[in-house]
Every structure is written in structure tokens, then in C-alpha cells.
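Q: In case you want the letters, here they are:
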Amino acid sequence: MMSLLVVLLAGIAVALIRRRLKDPAAAAGRVDPPARLLGWAAGLLAAERHDWGQAMVGELDRLDGRARRWRFAIGCVGAALVLPPWGRAAAAIGGLIAVAAAGGGAAVYAHVHYRLGTDGWTWVDAAIVVVLLAGYLLAGSVLLRRPGVAAPGLIGGLAVAVVWLAEKIRSHPPKT
Amino acid sequence: MRRNRPPSAQAISVLRALAADPSQWRYGYDLGAEVDLKSGSLYPILVRLADRGLLEATWEPGPEGRPPRHLYRLSPAGLEFVAALPATEAARAVPRPNPRLSEA
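Chains L and A, in that order, give the protein sequences.
So the first sequence is numbered by this note's numbering: it starts at 21 and just counts up by one.
So the second sequence is numbered by this note's numbering: it starts at 48 and just counts up by one.
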């Protein structure tokens with residue numbers, strides 16, 4: 021399990037470095053985290069609202085000051101999630117969060133129901149589950165911008181999580 | 048069936064701010080600062096007003112390599128709508144000067 025976590029973290033680090041090297045704007049520091057956040061949210065808007073996403077991006081581009089940019093970007097993300105029609109954005113984010121919550125709940129249920137006990141490794145396992153679920157949310161939100169791979173990616177990730185959970189339960193039979 | 052609810056007090060504030068100089072195109076951030084609305088409230092209002100035909104929007108091309116900027120002003124229907132607002136609503140929604148405007 022620890023090796024899986026190391027591979028996951030290494031993969032994220034490599035992806036970030038590659039992205040920075042490939043994107044000249046990011047390398048020059050013009051695309052900061054608020055701009056990335058807003059770009060992501062704008063990508064989730066329904067097609068007929070695409071212009072409004074670009075309007076927010078254009079406005080953020082002219083704003084100075086880290087705090088002001090963050091406030092503006094976070095507000096726009098909220099707006100993007102509630103703007104009608106509630107198509108991809110609300111449904112996708114709601115679905116991702118529901119699946120992540122269900123995964124976390126299932127892990128807790130399995131632990132309590134099968135009386136797996138509590139020791140030092142329990143907390144390491146819990147931390148790993150949290151990291152995996154956070155990774156699932158992050159990866160899911162990235163995949164949503166690529167409709168061609170979104171469904172297989174999400175289903176594949178869910179299948180891996182289910183198999184991992186089943187294996188965990190199988191290897192820890194209930195104590196009698 | 049599409050609902051056409053009466054505009055909120057915040058939406059009326061935006062309409063009044065735009066009506067102060069109907070011929071002038073306004074930037075979203077400046078407009079939000081003037082009526083003290085954050086982006087999370089301002090953009091849904093602008094979208095609703097545009098959907099109802101009360102707002103016109105255009106693009107200002109950005110400098111080389113920068114994104115264009117969206118500009119807004121009242122449409123003729125928007126001007127008529129503001130003119131028809133009851134005096135109480137108009138008075139309630141008078142835009143307040145905001146110190147953030149001077150920072151922008």
C-alpha cells in the first residue's frame with residue numbers, strides 16, 4: 021500500500037513538472053493558481069455559457085493582487101457552478117463528491133462492521149484512503165474536461181476502488 | 048415554462064448603475080465594485096439580465112496574448128425597464144460608492 025502511495029505522489033509530481041515545462045505561460049508565471057482554478061471552472065460551463073466563462077477569465081487577467089485575484093476566481097467558480105442550465109458542472113461535481121463520500125463511508129463502515137481494530141497502521145490506512153479519494157476528485161475533475169475519456173476514466177477508477185476495498189475486506193475476515 | 052421573476056434588489060442595483068450613463072460600456076469588475084457585489088453574485092445577475100434582453104454585451108480585444116474583456120451596457124429594453132421601476136425600488140437600489148473602485 022505504501023508503494024502505491026509513493027507511485028501516486030511521484031506521478032503527480034512528474035505530471036506537474038511536465039505541465040510546467042510544456043506551458044510557456046505557466047513557466048513565465050502568468051498562469052497563477054487563481055487563473056488555473058477559473059480556467060477549470062469555465063471549462064465546466066454549459067456550451068451556451070462559454071462566453072461568460074471567457075468574460076470571467078478576461079476580467080481576472082486584468083486584476084492585480086494575489087488576494088483580490090483569489091477572491092474574484094473563487095466567486096466565479098461559485099457562479100459557474102450555479103449558472104443555469106445546471107448541466108455538466110453541477111451534475112459532475114455532485115456525482116464526484118457523492119462517489120467520494122460513498123467510498124469514504126464504505127471504508128469507515130467496513131472498518132467498524134468488521135471490527136478491524138485500531139493501531140498505528142489504521143491511521144496510515146485512513147490517510148491513504150483520504151489521499152486516494154482526493155486524488156479521485158482531482159483526477160475526475162480533470163477528466164471531465166475531456167469527454168472522450170471521462171466516462172471510462174471515472175468507471176475505471178471506481179472499479180479499482182471497489183476491487184481494492186473488496187480485497188481489504190477479504191483479507192480481514194470478521195472477528196468472532 | 049420559463050419563469051420571469053421580478054429582479055432582485057441586487058439586480059436592480061446593477062441596472063441602476065448601468066442606467067447612470069447608458070451609453071457607456073462597463074467592465075464587470077468595476078461594475079461589481081460600484082454596487083458592492085462579488086463576482087459570485089455579479090455574474091449570475093449579468094447572465095439573467097442578458098437572458099432577459101435587458102443587457103447588451105460586447106468584447107474589447109485584449110493586448111497581444113491576453114484574453115479579450117467583456118463589456119456591458121443597458122439595451123433599449125433595459126432602459127425602458129429601469130424607467131418603469133417604481134420609485135421605491137429605484138431609491139432602495141441606488142448604487143453606493145465603493146472604496147474598492149479606486150483600487151481597481
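In case anyone wonders, no lab produced these hints; they're calculated from the structure.
There's no promise every hint is true.
Here are the in silico distance ranges between beta carbons for each label pair [what the hints assert, rightly or not]:
1) A/100 with L/186: 54 to 62 angstroms
2) L/87 with A/100: 30 to 38 angstroms
3) L/114 with A/127: 23 to 31 angstroms
4) L/87 with A/106: 52 to 60 angstroms
5) L/87 with A/123: 38 to 46 angstroms
6) A/127 with L/122: 49 to 57 angstroms
7) L/122 with A/52: 32 to 40 angstroms
8) L/104 with A/113: 23 to 31 angstroms
9) L/84 with A/115: 12 to 20 angstroms
10) L/190 with A/106: 57 to 65 angstroms
The model shown is predicted, which means the values in this text are computed figures rather than measured ones.
Note that CB positions come from ideal geometry on N, CA and C, so glycine has one too.
Q: For the hint 57 to 65 angstroms, verify it against the beta carbon of residue 190 of chain L and that of residue 106 of chain A.
A: With a Cβ separation near 59 angstroms, residue 190 of chain L and residue 106 of chain A satisfy 57 to 65 angstroms, so the hint holds.
Q: Do residue 84 of chain L and residue 115 of chain A keep their Cβ atoms within the hinted range of 12 to 20 angstroms?
A: For residue 115 of chain A against residue 84 of chain L, whose Cβ atoms are near 19 angstroms apart, the range 12 to 20 angstroms holds.
Q: Evaluate the given range 52 to 60 angstroms for the C-beta pair formed by residue 87 of chain L and residue 106 of chain A.
A: About 28 angstroms separates the Cβ atoms of residue 87 of chain L and residue 106 of chain A, which means 52 to 60 angstroms is violated.
Q: Between residue 87 of chain L and residue 100 of chain A, is the Cβ distance one that fits in 30 to 38 angstroms?
A: holds, 36 angstroms
Q: Given the hint of 23 to 31 angstroms, is the C-beta distance from residue 114 of chain L to residue 127 of chain A inside that range or not?
A: Since residue 114 of chain L and residue 127 of chain A have Cβ atoms about 39 angstroms apart, the given range 23 to 31 angstroms is violated.
Q: Can the suggested window of 38 to 46 angstroms be confirmed for the beta-carbon pair residue 87 of chain L and residue 123 of chain A?
A: Because 39 angstroms falls inside the window, the suggested range holds.
Q: Measuring from beta carbon to beta carbon, are residue 127 of chain A and residue 122 of chain L in 49 to 57 angstroms?
A: Given about 51 angstroms between the Cβ atoms, the range holds.
Q: Evaluate the given range 54 to 62 angstroms for the C-beta pair formed by residue 100 of chain A and residue 186 of chain L.
A: holds, 56 angstroms
Q: Can you tell me whether the CB distance of residue 122 of chain L to residue 52 of chain A sits inside 32 to 40 angstroms?
A: holds, 36 angstroms
Q: For the hint 23 to 31 angstroms, verify it against the beta carbon of residue 104 of chain L and that of residue 113 of chain A.
A: holds, 29 angstroms
When each numbered hint is compared with the structure, violations occur for hints 3, 4.
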